[in-house]
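Please model the complete structure; the sequences and the hints are all you need to start from.
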Amino acid sequence: MPDGIGLMRAAACGFGVAIVLGVVGAALSRREPVLAAVAVIVAMVWGGIAGLFALPGVPSLPPVTGLDRYLVILLPVALAIEAEAAAGWLDGFWLTVERGCVSLVALPVLLHGSVWLAGGQPSVWMGIVAAAIVLWGAWEGTAGHVRATGDRLVAVVTVAALVVAGLAIAMAGWLKGGVVAIPLAAALAGAILAAGGASLGRRGSASGLAGASAAGIVALFGLVVIGRCFGRLGTTSAALLLAAPLMVTLADGFSRSGPDTSAARVVGSTRYRLLLAAVPLVVVLVAAKADFDTKLGRLLVAPSADVKP
Amino acid sequence: MRRAPVLFALVAALAAGSLRAADEYAYDLVHSSVSFKARFLDISWIHGRFNDVAGKFSLDRQDPTKSTFELTIKADSVDTANAARDEHLRQPDYFDTKQFPTIDFKSTQVKAIPDGYEVSGNFTMHGVTKPVTFKLVGGKEIEAMGKKRVGFGTELKLKRSDFNFDKGQIGAIGDEAIIIIDCAGQRD
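Going down the list, the sequences are from chains A and B. Note that the first sequence covers residues 1 to 309 in my numbering. Note that the second sequence covers residues 1001 to 1188 in my numbering.
Any given hint could be a false lead.
As the list claims (entries may be wrong) - Calculated cross-link-like contacts (lysine-lysine; reagent style DSS-like; alpha-carbon spacing at most 25 Å):
id, chain 1, residue 1, chain 2, residue 2
1, B, K1037, B, K1074
2, B, K1159, B, K1135
3, A, K295, B, K1074
4, B, K1167, B, K1056
5, B, K1037, A, K295
6, A, K295, B, K1056
7, B, K1037, B, K1147
8, B, K1135, B, K1056
9, B, K1159, B, K1066
Claimed, not checked - Here are the simulated distance ranges between beta carbons:
id, chain 1, residue 1, chain 2, residue 2, range
10, B, G1146, A, P56, 23 to 33 Å
11, B, G1171, A, V72, 25 to 35 Å
12, A, V24, B, N1122, 48 to 58 Å
Calculated from the structure, these hints are not laboratory results. The beta carbon of each residue, even a glycine, is placed where N, CA and C say it ideally should be.
Here it is as structure tokens:
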């Protein structure tokens, strides 16, 4: 796995490629908001690929591990659906059906061949259905909310949640699982910056932003699931990580749907929503650091330790 | 008409003889050990063992090529006398025990050699199967504690990189691991 510089290089690749492609795509499709929206998703795809390419051995093919299936099956499928949504190829009903189907198979795909699906007991199927409902709700809710409001904060918090999830997974002992989050988060950051900056205020902007935000939620869900099931990410930490962007969405939805009171204005304010997201993320980070210090930190060996003949 | 019982008796005797020729042994977990060691920073060795192992083997004394050996190791049972390190080893950077719960060996070819057997077979670890050949020393049967017992020992050198372990985690802990198997089998 890369050192700090290698990780920064991967992040820079992901971010750089995503923002350049996003801005160029938006500039080229100035009079075509649909194309501008698709360009945001394409920028995220290529940013992610460029960032992951900078990491050694990620992913390995054929995809026999949870991490590989996450990177080569779940994420591409989610991005393809969001590209369809941005392009307007399918109406809302069929998009909902597609997202529902992918949500239903997400867990079986990520956990394929593992001890988690061995035996096929009723509790396994209940877990799959529960996870599918959570993913479907979060995916649909995020896509719909951002498309309707152009809310950029959800994607920003998703980027932060991806970074914190990666750090928590790495500090819990699965370095490779943790570091992949960094270029993915960087690609999402580049894509939302391109969507927000280059096509500000246009219809395509909200559509592209919605696609990137929704794909980011799927990326976060998948990372948290494999971190929990294959690594040592705790259930509470996994729930808090997923909750952070969802609370931002719910707070904004609450403030918009109710009467225009001072309480609703406070709940809907950027500062309050940022605080709402920051608390669970900081809790996860502090808990991960404490766990690392008491357990794995003592096993660490400096990779640059000199071995003298 | 008298030929039928004679033929039956002959077949029965042959069948009994062939059954006797291949003795089936169950792996004796209490008196066996599967351990390993790997280089640490190329200055010393880290030792560990697997606590949950199962297996069986059949020994055909008349025709050793018909003997078979099988071993199944629960990867989750890795024990290096350090709980934090064991947790780390169970994760996907190393054994990935939730995805690949067992390490298996199944023989495909057995040959008698002066002090035991030369065994070839398929070794599956971390989702990758590789052919391996090793010398299994032992095989002498004794009767003790109400059972017939036989024991074997071997050392096996494997490269983690051959079994698709994360190359990024090969450095401080060396690529090559030596697996030491000392197992006893028992039958009634």
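Now the hints, each set against the structure:
For the proposed pair K1037 of chain B and K1074 of chain B, the alpha carbon gap of about 17 Å is at most 25 Å, so the pair holds. Distance restraint check for K1159 of chain B and K1135 of chain B: the Cα-Cα separation of roughly 18 Å lies within the 25 Å cut-off, and the hinted pair is therefore satisfied. Of the supplied pair hints, the one linking K295 of chain A and K1074 of chain B holds, its CA atoms being roughly 23 Å apart against a limit of 25 Å. The hinted pair formed by K1167 of chain B and K1056 of chain B fails the criterion: a straight-line CA distance of about 33 Å is larger than 25 Å.
This hinted pair checks out: K1037 of chain B and K295 of chain A have alpha carbons roughly 22 Å apart, not beyond 25 Å. For the hint pairing K295 of chain A with K1056 of chain B, the CA-to-CA distance comes to about 37 Å; that exceeds 25 Å, so the pair is violated. Between K1037 of chain B and K1147 of chain B, the direct Cα distance comes to roughly 32 Å. Violation of the 25 Å bound is thereby established for this hinted pair. For the proposed pair K1135 of chain B and K1056 of chain B, the alpha carbon gap of about 17 Å is at most 25 Å, so the pair holds.
This hinted pair does not check out: K1159 of chain B and K1066 of chain B have alpha carbons roughly 29 Å apart, beyond 25 Å. The hint said 23 to 33 Å for the Cβ distance between G1146 of chain B and P56 of chain A, and at roughly 56 Å that hint is violated. For G1171 of chain B and V72 of chain A, the hinted distance range of 25 to 35 Å is satisfied, since their beta carbons lie about 26 Å from each other. Range check, V24 of chain A to N1122 of chain B: Cβ separation about 52 Å, and the 48 to 58 Å hint holds.
When the structure is compared with the earlier hints, violations turn up for hints 4, 6, 7, 9 and 10 and for no others.
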